[in-house]
Amino acid sequence: MQPEKFYYDNKIVRNFGIATVIWGIIGMTVGLIIAIQLYAPGMNMNNQYTTYGRIRPLHTNAVIFAFVGNAIFMGVYYSLQRLLKARMYSDWLSKIHFWGWQLIIVSAVITLPLGFTTSHEYAELEWPIDIAITLIWVVFGVNMFGTIFKRRERHLYVAIWFYIATFVTIAVLHIVNSMELPISAFKSYYIYAGVQDALVQWWYGHNAVAFFLTTPYLGMMYYFLPKMANRPIYSYKLSILHFWALIFIYIWAGPHHLLYTTLPGWAQSLGIAFSIMLIAPSWGGMINGLLTLRGAWDKVRDDVVLKFMVVGLTAYGMATFEGPMLSLKQVNGFAHFSDWIIAHVHVGALGWNGFLTFAILYWVIPRIYKTELFSKKLSAFHFWIGTLGILFYAIPMYWAGFTQSLMLKEFTPEGMLKYPNFLETTLQILPMHMMRSAGGAMYLLGVIVMAYNLARTMMQGSLVANEAAQAMPLAPANTVVKEHSWHRTLERKPIQLMIAALVVILVGTFVELMPTLTIKSNIPTIASVKSYTPLELQGRDLYIREGCSNCHSQTVRPFRSETERYGEYSKAGEFVYDHPFLWGSKRTGPDLAREGQKYGNAWHYNHLMDPRLMSPGSIMPNYDWLISQKLDTTTTRSKINAMRTLGVPYALGYEDKANADLDKQAKGISDNLATDHIKVKSNKEIIAIIAYLQRLGVDIKANKTNNK
Amino acid sequence: MFKQFTENITANQGYLLFSLGIFFVFFVVVTIMLIRLRKEHVAHMSDMPLHDGINEPKKHGRL
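As given, the protein sequences belong to chains P and F, one line each in that order.
Numbering-wise (UniProt numbering), the first sequence opens with residue 1 and increments by one.
Numbering-wise (UniProt numbering), the second sequence opens with residue 1 and increments by one.
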């Protein structure tokens, strides 16, 4: 047999590489802006489109799906072709994938600041974009499997299994977590409610970390690290164990995001147990990566690419040890909702994802341009400013998290909360937040220097768009001898491998999700909990639009420090009409689950207009546009209809009367405000949001009063 | 610490034991697979990234 000549497509790799750098700079710049907003609320330029609540999702989506997403595709398109000794299946599909993905990102950049959001973290994009994501993901899958089918290498290397698992699991996660009932072009309600919605969201959220930020990067590590060090992976057997164990265990760990909430206790325990087990495969992978460099540590001294890899792997090890520790209930009770979690995720994001991406960019770009890196000095500068940036970011955030949690939990000898005013604890940690933004700025500066360095590298070389290669064609399938082991057989059967991976991730998914979604007794209802009035429903949607849940949680955990501060701890039955749930994951401001009737309408009006009027020093931005903007009541009918379809008990025909009820309630609030000399028309948005805030937690209080 | 686990699982013990069972079986299967792998195959697989059909690397210790 003669070897076949063929060409690798380097242009698509280059395009994804450039997109990675551009979106990385944009996403991190937005991150820096919102970090500054946390001590200088005026940084939104008094503009509703740039408030923290609206652009925090833009930051997370941009860095996860735009920066890391494009980096994944860069790494996959480069390594897949070479591991399979075949050009990508279709140049057209590669192009559709590239431009489709960029369009999705652009649509996120437009819709999120406009307030079109589902409120599910890391899945904020509304339903039409969800459909576009699904289509483009399928294009990616067809292109990947098409390439696998026409390969010239019988067995699939472990990196490709990680890519296959990524493809299939992200598809499952995205579809299940995007089950929404659309009510207009850019508004929908999740079909799940309350605690069920929370479980689905965090099953998704946790596994987005697992299968978007981890498994594709592990695949890339298993390909690029041996290439960079010019030696095979330390243990291939360990990589097999790593793969199966990681994808099997990861999928179960989602409930550790919901400890001490109203999620059934058994699901919480299951989440904790599997989170602890996760240390084993995670560290197995890290050790496999680091030991690949055994005997090559001298190279690390002067090869910036390996330096990035070593720090990246170390950050992965730290984050994957810290994660299971944070899943322990006692630690979680202290760390959850605090800046500790922000530190934790950024060690992973900046260290693991960021540094691996930079290493791959520095390695790939000179190779496909057949040149040397423009400046080694600049890349060394990038490494050091990036590493220092991570430290300056993470350490102040840990400090802030410990400080604030300790303050929030501190009691006086008389048994009273020592810091009853939440704001006191916020003001205490502002210096840490300032230092954090300095750390973020350092990291961003490094990325900008890298962009310049890579651009100059591209300018001094010329792209080998189609790189010639040759390999022996595969022998026809019927001539292949029987394999010696099951796994060896599996390694040359991509579809069976995908199905095996799918089965493995579905086991945990079913065990965890099904009982809560199907067994009614898991969510005890509370008689006094009623559905929202039309005005409250509209107010709730404004609360979602403004992204309030990015800073305010709505779930009181059963700790004395919380029941003293906020009121009775939350019950599952309180959230049965909440499509979506709005528990939040971070308390930059106080919890609002028991906010209703705590203050008068006038307090809320003034507070939303300028929070500093009521709480001097507050870091919440002004929401004065709520006073001038008219509430859109044309949507009330479709909202009531949609909610009824989802099981909220609005009587048949109520959609016809809903707006009359809405007007009546709104007038009551504006009349009440008038008694405090506040003149505002009843058709303004602020009335609806006040109505919603005044409703929060009121039902459970009514329950208590009735039972007395 | 373990007290809270035992307290929490009473109502759904069967469920948790079932999970543990799947977990155990799964790892036994993967371990058997690993044991059955041949050395030459493992060496072939782990060398894959180093052969891309362009510039074949020099021989090294593991080959």
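I should point out that these hints are in silico values taken from the structure, not numbers from a laboratory.
Because the structure is a prediction, the values reported are computed rather than measured.
The beta-carbon is built from N, C-alpha and C at its ideal position, and this holds for glycine as well.
Please note that a few of the clues may not be correct.
Distance ranges between label pairs, derived from CB positions [unchecked claim]:
| hint | chain 1 | residue 1 | chain 2 | residue 2 | range |
| --- | --- | --- | --- | --- | --- |
| 1 | F | 18 | P | 403 | 36 to 44 Å |
| 2 | F | 18 | P | 560 | 30 to 38 Å |
| 3 | P | 5 | F | 39 | 31 to 39 Å |
| 4 | P | 430 | F | 20 | 55 to 63 Å |
| 5 | F | 32 | P | 370 | 25 to 33 Å |
| 6 | P | 22 | F | 20 | 42 to 50 Å |
| 7 | P | 427 | F | 20 | 42 to 50 Å |
| 8 | F | 20 | P | 638 | 26 to 34 Å |
| 9 | F | 32 | P | 473 | 47 to 55 Å |
| 10 | P | 5 | F | 20 | 31 to 39 Å |
| 11 | P | 465 | F | 20 | 20 to 28 Å |
**Item:** 26 to 34 Å as the expected CB spacing between residue 638 (chain P) and residue 20 (chain F), which holds or is violated
**Value:** Distance hint for residue 20 (chain F), residue 638 (chain P) is violated at roughly 47 Å.
**Request:** Using the beta carbons of residue 5 (chain P) and residue 20 (chain F), state whether their distance is inside 31 to 39 Å or not.
**Result:** Violated, at about 53 Å.
**Request:** Could you tell me whether the CB distance from residue 427 (chain P) to residue 20 (chain F) stays inside 42 to 50 Å?
**Result:** For residue 427 (chain P) and residue 20 (chain F) the Cβ distance comes to about 47 Å; the hint holds.
**Prompt:** Regarding residue 32 (chain F) and residue 473 (chain P), is the given constraint of 47 to 55 Å on their beta-carbon distance met?
**Reply:** This hint is violated: roughly 33 Å between Cβ atoms.
**Message:** Holds or violated: the 31 to 39 Å window for the beta-carbon distance between residue 5 (chain P) and residue 39 (chain F)?
**Reply:** Holds: the Cβ-Cβ distance is about 33 Å, inside 31 to 39 Å.
**Request:** Note whether the CB distance of residue 18 (chain F) and residue 403 (chain P) lies within 36 to 44 Å or breaks it.
**Result:** holds, 43 Å
**Request:** Indicate whether the distance between the beta carbons of residue 18 (chain F) and residue 560 (chain P) respects the range 30 to 38 Å.
**Result:** holds, 36 Å
**Message:** Given the hint of 25 to 33 Å, is the C-beta distance from residue 32 (chain F) to residue 370 (chain P) inside that range or not?
**Reply:** violated, 47 Å
**Asked** How does the Cβ-Cβ distance of residue 465 (chain P) and residue 20 (chain F) compare with 20 to 28 Å: does it lie in that range?
**Response** violated, 53 Å
**Item:** Hint check for residue 20 (chain F) and residue 22 (chain P) - Cβ pair distance inside 42 to 50 Å
**Value:** holds, 47 Å
**Message:** A range of 55 to 63 Å was offered for this pair. Does it hold for the Cβ distance of residue 430 (chain P) and residue 20 (chain F)?
**Reply:** violated, 47 Å
In summary, the numbered hints that this structure violates are 4, 5, 8, 9, 10, 11.
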